[in-house]
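Now for the letters of each chain:
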Amino acid sequence: MRKVLIIFAHPALERSRVNRALIEAAAGVEGVRVHDLYQAYPDFDIDVPFEQRLLEAHGVVVLQHPFFWYSAPAILKQWQDLVLEHGWAYGHAGTALKGKWTLNAITAGGGEDSYRREGGNRFEIGELLAPFEATARLCGMIWLPPFVVHGTHRLGDAEIDAHAGDYRRLLIGLRDGAVDAAAARRWPRLNMDLAAVLGG
Amino acid sequence: MHGEGFFYQAFVYLLAAVVSVPIAKRLGLGSVLGYLLAGIAIGPWGLRLVGEEGADVLHFAEFGVVMMLFLIGLELQPSLLWRLRVPIVGLGGLQVGVTALTLTAVAVALGLPWNAGLAVGLILALSSTAIVLQTLEEKGLLKTDAGQSAFSVLLFQDIAVIPMLAVLPLLAVGETRATASGGTSWIDGLPPVAKTLVVLAAVVAIVVGGRYLTRPAFRFIARARLRELFTAAALLLVIAIALLMSRVGLSPALGTFLAGVVLANSEYRHELEGDIEPFKGLLLGLFFIAVGASVDFGLVASRPAVVAGLVAALLATKFGVLLVLGRAFGMGTDQNLLFSFALAQGGEFAFVLFSFASQHGVLPVSVTGPLVAVVALSMALTPLVMLVHERLVAPRIGRREGEAREPDAITGSSQVIIAGYGRVGSVIGRLLAANGISATVLDHDSDHVELLRRFGQRVFYGDASRHDLLEAAGAGSARVLVIAIDDPDKILQIVETAHRYYPHLQVLARAVSRTHAYELLDAGVELVYRENLDTSLQMGVDVMRAMGVRAYEAGRRSRLFRRHDELGLRELAAMREDRPAYIRRARQQLEELERILTADRLEADEQRDAAWDTRTLREEMAGGAER
Chain G
90 MRKVLIIFAH PALERSRVNR ALIEAAAGVE GVRVHDLYQA YPDFDIDVPF
140 EQRLLEAHGV VVLQHPFFWY SAPAILKQWQ DLVLEHGWAY GHAGTALKGK
190 WTLNAITAGG GEDSYRREGG NRFEIGELLA PFEATARLCG MIWLPPFVVH
240 GTHRLGDAEI DAHAGDYRRL LIGLRDGAVD AAAARRWPRL NMDLAAVLGG
Chain E
4 MHGEGFFYQA FVYLLAAVVS VPIAKRLGLG SVLGYLLAGI AIGPWGLRLV
54 GEEGADVLHF AEFGVVMMLF LIGLELQPSL LWRLRVPIVG LGGLQVGVTA
104 LTLTAVAVAL GLPWNAGLAV GLILALSSTA IVLQTLEEKG LLKTDAGQSA
154 FSVLLFQDIA VIPMLAVLPL LAVGETRATA SGGTSWIDGL PPVAKTLVVL
204 AAVVAIVVGG RYLTRPAFRF IARARLRELF TAAALLLVIA IALLMSRVGL
254 SPALGTFLAG VVLANSEYRH ELEGDIEPFK GLLLGLFFIA VGASVDFGLV
304 ASRPAVVAGL VAALLATKFG VLLVLGRAFG MGTDQNLLFS FALAQGGEFA
354 FVLFSFASQH GVLPVSVTGP LVAVVALSMA LTPLVMLVHE RLVAPRIGRR
404 EGEAREPDAI TGSSQVIIAG YGRVGSVIGR LLAANGISAT VLDHDSDHVE
454 LLRRFGQRVF YGDASRHDLL EAAGAGSARV LVIAIDDPDK ILQIVETAHR
504 YYPHLQVLAR AVSRTHAYEL LDAGVELVYR ENLDTSLQMG VDVMRAMGVR
554 AYEAGRRSRL FRRHDELGLR ELAAMREDRP AYIRRARQQL EELERILTAD
604 RLEADEQRDA AWDTRTLREE MAGGAER
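These protein sequence lines are chains G and E, in that order.
Those letters in the first sequence? Residues 90 to 289, by this note's numbering.
Those letters in the second sequence? Residues 4 to 630, by this note's numbering.
Take these hints with a grain of salt, some might be off.
Stated by the list, open to error - If we take Cβ atoms under 7 Å as the criterion, some of the chain G residues that face chain E in the derived model are: (1) D132; (2) D170; (3) L171; (4) E174; (5) H175; (6) G176; (7) G180.
Said to hold, decoys possible - Between beta-carbon pairs, the in silico distance windows are: (8) E/A554 / G/W158: 21 to 31 Å; (9) E/W85 / G/W158: 51 to 61 Å; (10) G/L227 / E/G626: 14 to 24 Å; (11) G/D125 / E/P506: 19 to 29 Å; (12) E/L216 / G/R104: 42 to 52 Å; (13) G/I231 / E/Q496: 57 to 67 Å; (14) G/D125 / E/G459: 31 to 41 Å; (15) E/L570 / G/D246: 40 to 50 Å; (16) G/G120 / E/R394: 41 to 51 Å; (17) G/D125 / E/H502: 24 to 34 Å; (18) G/H242 / E/G479: 39 to 49 Å; (19) G/W158 / E/R565: 25 to 35 Å; (20) E/R560 / G/A285: 47 to 57 Å; (21) G/G120 / E/L530: 28 to 38 Å.
What the hints assert, rightly or not - Calculated Cβ distances over 10 Å to all of chain G for the following chain E residues: (22) F9; (23) D299; (24) P367; (25) H470.
Treat the hints as calculated values from the structure; they're not laboratory data.
Glycine included, every Cβ here is placed at the ideal spot set by N, Cα and C.
Kindly generate the complete structure, drawing on both the sequences and the hints.
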């Protein structure tokens, strides 16, 4: 069993239907820990030793956040800046994260079609996530395509429930080693064909 | 000797209550049944510890009902009363009317003349306010649909007693012996129009007096800062209204209820509740014991089948009528059953009205004697009937869907209680109000309360260290208690009260000094707030900025300092215990200061944001790193 750590960042969770549903779906799963950054550090003073111990104790790190301005809310950047220390996460002696899996779980207002060359957002999600992928690479982590919920403003309750169910299945699959990282990289996002990703 | 007799009586009644009520509660029977059983046990047919004076005690203890209605009035905003007008007049009126007519028919069929039958029907239509409300409240059912409907009906019945007293003498046959009774009333020899005017004047006096006179009066009394004086004033108010009402021929219960409603919006509401509550509880208990003691088991034993049959007929008839009316007023089956079971007994007013009726020659004693026993038995059976309903009937009907609806309808209490509304509490209250979180505020400076209420704040006068006042402020159902007063001993006292009676409450306490913070931590409070810490730190931050430290860095430094200081506070609080007692206070303070300073130096070395310091990275690059 691989323990899963969800580093979660949303400054106004009370206003986000989709992230709330995803977090609730993840919360009860055994072997999955949800760590809510805005709840833990309302003043952005991140407890670095605590965060590093937490990362060391888990095998899969999921960064869950809304796709604000093609990136993450500010605290996640603060978290990266402070926690991923030289000599711990990278550099000669920095091997604490080596071999751990990582992926982003994001919610985006735009539809899938808008994240294309010819679409309104011009770039694909995978391209926009390049800084996260590069960070993972530098830390020796195994990078997976993201779990993406598109078009959040237009989703009905039933669709949100379906996404939450997918998220839960993915987390359980990651925990139980049902995901083949190399095979999963064929998909631009893991929930494009979840059954295939989960080895079905 | 007279005094000794009184103490003996008090001893017997109190002992009976103290022994039997906890046992009854442990057995799940509720306090009312416990009191009734205690009464039966000490009564003439039990251990014979009390005899004839039981009836006098009953009359005295009826004052408990008066107090109960005052307290109910206090919890009823006039707006809520207005919302209940349909159930009060419609449901209550129909219950009294239909039940009275049905019971009259039963009485006539059993051989009474029509006028005696009507008298019996009217008297038996009433239910027991004391037993029903006490039982429903104890079971937490007062705010359900059924509870609200039962309350409405009982209120109408209390009002209906007044015309009944007027109508009963008219039903007399033959000569009337009544002219001598009721000599205490002021309005006896007056013509009807003047009578009406006097009654109206009394009601207006209560409403106007309650609205405009009580506040300055209570404020004046509160300034004396003597707790017992306020209790005396509260009792005086209730007794004065009760006296006034009986003098003009109205029900004292109704008068105090009215006064309660008038005072429901007053800042003294919780204090009044806290003061009257124990008296009400004791008197009601006494009343139930007296009811138990007054059941004439001799009569019951001589004609057991007749009495049992009458009790059954009374309960069945009233239950049937209530069930039909409840359905007609759209109650769900479960709520309707609860409502009907609750109100099926005869009431305490029946005792008064039966003796009134026999005085006026409406009913012979041969009829009232057994009927008084029937009413008392039906009252004594009510808690049992409710128990049967709760255990056997309700589980088969399904859940009470009405229970969750309108949880705060009667009390309107908040989830947050703020004790003390001075410099600290008022900021908390304003922050919460600005964000739509309502709080019940208690403050014991009457001038302050007056001022705040003028600005529309929901502030109540009272001393929050009192258990009864916290109870009245809704501590039983609140989630958070903020203690923001400035008296360190009082704060500890409130903490102790809250921990003992309301362990579910999250307590946030103001600490006026470091030593006080230790004491609060020792007392088991987790959320302790030193009142000047944040201001001092903010000033320190601004000094650092003035010295050229960048703003973000200064802020982080102060928050780091604060975290370590909080940790240090907790460590020192634990350490304090071990210190030998002989060390002098001054030395102790000095050592503590030294420890605090040492701790500060240690934490200054700690680097929590090393990632922003690129020293190690530069060294690695200089050492020929391949990246």
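Cross-check of the supplied hints:
{"no.": "1", "hint": "D132", "result": "holds (6 Å)"}
{"no.": "2", "hint": "D170", "result": "holds (6 Å)"}
{"no.": "3", "hint": "L171", "result": "holds (5 Å)"}
{"no.": "4", "hint": "E174", "result": "holds (5 Å)"}
{"no.": "5", "hint": "H175", "result": "holds (5 Å)"}
{"no.": "6", "hint": "G176", "result": "holds (5 Å)"}
{"no.": "7", "hint": "G180", "result": "holds (6 Å)"}
{"no.": "8", "hint": "E/A554 / G/W158: 21 to 31 Å", "result": "holds (25 Å)"}
{"no.": "9", "hint": "E/W85 / G/W158: 51 to 61 Å", "result": "holds (54 Å)"}
{"no.": "10", "hint": "G/L227 / E/G626: 14 to 24 Å", "result": "holds (18 Å)"}
{"no.": "11", "hint": "G/D125 / E/P506: 19 to 29 Å", "result": "holds (28 Å)"}
{"no.": "12", "hint": "E/L216 / G/R104: 42 to 52 Å", "result": "holds (51 Å)"}
{"no.": "13", "hint": "G/I231 / E/Q496: 57 to 67 Å", "result": "holds (60 Å)"}
{"no.": "14", "hint": "G/D125 / E/G459: 31 to 41 Å", "result": "holds (37 Å)"}
{"no.": "15", "hint": "E/L570 / G/D246: 40 to 50 Å", "result": "holds (45 Å)"}
{"no.": "16", "hint": "G/G120 / E/R394: 41 to 51 Å", "result": "holds (44 Å)"}
{"no.": "17", "hint": "G/D125 / E/H502: 24 to 34 Å", "result": "holds (30 Å)"}
{"no.": "18", "hint": "G/H242 / E/G479: 39 to 49 Å", "result": "holds (43 Å)"}
{"no.": "19", "hint": "G/W158 / E/R565: 25 to 35 Å", "result": "holds (32 Å)"}
{"no.": "20", "hint": "E/R560 / G/A285: 47 to 57 Å", "result": "holds (52 Å)"}
{"no.": "21", "hint": "G/G120 / E/L530: 28 to 38 Å", "result": "holds (32 Å)"}
{"no.": "22", "hint": "F9", "result": "holds (63 Å)"}
{"no.": "23", "hint": "D299", "result": "holds (63 Å)"}
{"no.": "24", "hint": "P367", "result": "holds (72 Å)"}
{"no.": "25", "hint": "H470", "result": "holds (35 Å)"}
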